[in-house]
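Same order as they appear, the protein sequences are chains A and B. Heads up: the first sequence begins at 1062 in my numbering, then just goes up one per residue. Heads up: the second sequence begins at -18 in my numbering, then just goes up one per residue.
Some clues are possibly wrong.
In silico contact screen, one side only, chain A against chain B (beta carbon under 7 Å); selected entries [what the hints assert, rightly or not]:
(1) L1109
(2) P1180
(3) G1181
(4) R1213
(5) R1230
Subject to a maximum C-alpha distance of 25 Å in a straight line, what follows is the list of computed SDA-like cross-link-like pairs (lysine to any residue) [claimed, not checked]:
(6) A:K1173 <-> B:V111
(7) A:K1173 <-> A:P1217
(8) A:K1173 <-> B:G137
(9) A:K1218 <-> B:E178
(10) A:K1173 <-> B:Q28
Calculated directly from the structure, the hints in this document are not laboratory data. Just so it is clear, CB atoms sit at the ideal spot from N, CA and C, and this is done for glycine as well.
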Amino acid sequence: MSAAPLIETPVEDVVDHVVGIAPGDRLDTIRRARPDTRNNIQAAHRALFGAETHGIAIADRHLVASFVAGLTDPGSAVAQWHRDRTTDPALLDRLLESAAQQGPWGTYREAKLAAAGLPGQWWQVAEEERELLGERLTAVLEHAHFLVLHPRDARPKVLATLAASGWDRPQIVTWSQLISFISFQVRLSAGFTVLAGEGLR
Amino acid sequence: MSGAEVIEPTDLTRPEAFTQESLGWVPWLEPATAEELTDRQVESLVQPARANSPYFRLLADDPDILEARTRADLDIFHSKGGLPRAERELAAAAVSRHNGCVFCASVHARFASHYAKREADVQRLLDEGVQAEQDERWSAIIEASVALTDTPVRFGPEHVARLRQVGLDDTEITDLVQSAAFFNWANRLMLSLGEPEVPAGERGW
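Generate the whole structure from the sequences, applying the supplied hints.
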């Protein structure tokens, strides 16, 4: 799925952009009063989508990001923003249609928490999409689904499944950061969107 | 292309439940040693002592994202004014409890207890979960954190209204949103790249 990198129109701050925060807005003033937070959230986005570190293609990053965003806050502006950056939105929509679930669920390994576990259905990419995506990207999407929806099911064998598709340690670190960062960015945007719509005081 | 070798720890003493005790964290991928880190990787740790932590040495494989993550983390939890530190930590503990990150919950429950001086209330959050009875202000903070953590996200105007009712202003609500959202980043890294162990020892972060 390594198509040519998409040409990115620079956005000064992705969260401001998707929430619709304009210079001088109340939420803009509040965010800018925490410059280290605001600047480093955007720096994190740039680090993940501005370079093909460890040989992970930008197009593949956008596909996984749009999958995480579409699962986490379907129909949101931030999910749409990521979808707009994928090379095959129809493929993304097919993946999301079969992957949508409610979370967080999952089982605990801690002895006294066994009864608190909520087992569920591990998602797998359908055969047709698996052929389009290839084994390595399929493994990342299945890992992303687990990490978005049932992260407490984490075990060495789950990580080993991802590694077995051929990803090395630095690549696994980058993918883990990307999936986890988008889980954050989408929630931040969701929170700010509600706040912006509430008539700040 | 050969994939990473994943370690399956065999003789760990694992925690049995959520706890405020200090835990260690053991990686499932062998990180670089402190000596192997490049200057850029050391810089990305922000605080040099973090080279002692296997968690941060592992994340140093991608220094640009690690540095941004760490600087955002520090400011979200330590910035002056706004929501009291105790309640930022409470949000982090509630999110970690809800997602099921025993390690993250231990660290931030301990901080919440320390800054709020309300160890029993925090322990009830760990023992009984995010639905446990709390006072009105803590209930509102925990409920908002959980709504933002659920997938799909459930956070809505009713959560903002309740936070305002218990006295949070817009800056404080923004701090809360940032703290709760951030732990949805942190939990997923800590959960998926390694696991907690007892006792604390020197290997925790």
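TODO: Check each numbered hint against the structure and report the violated ones by number, ascending.
DONE: Failing hints, ascending: 2, 3, 8 and 10.
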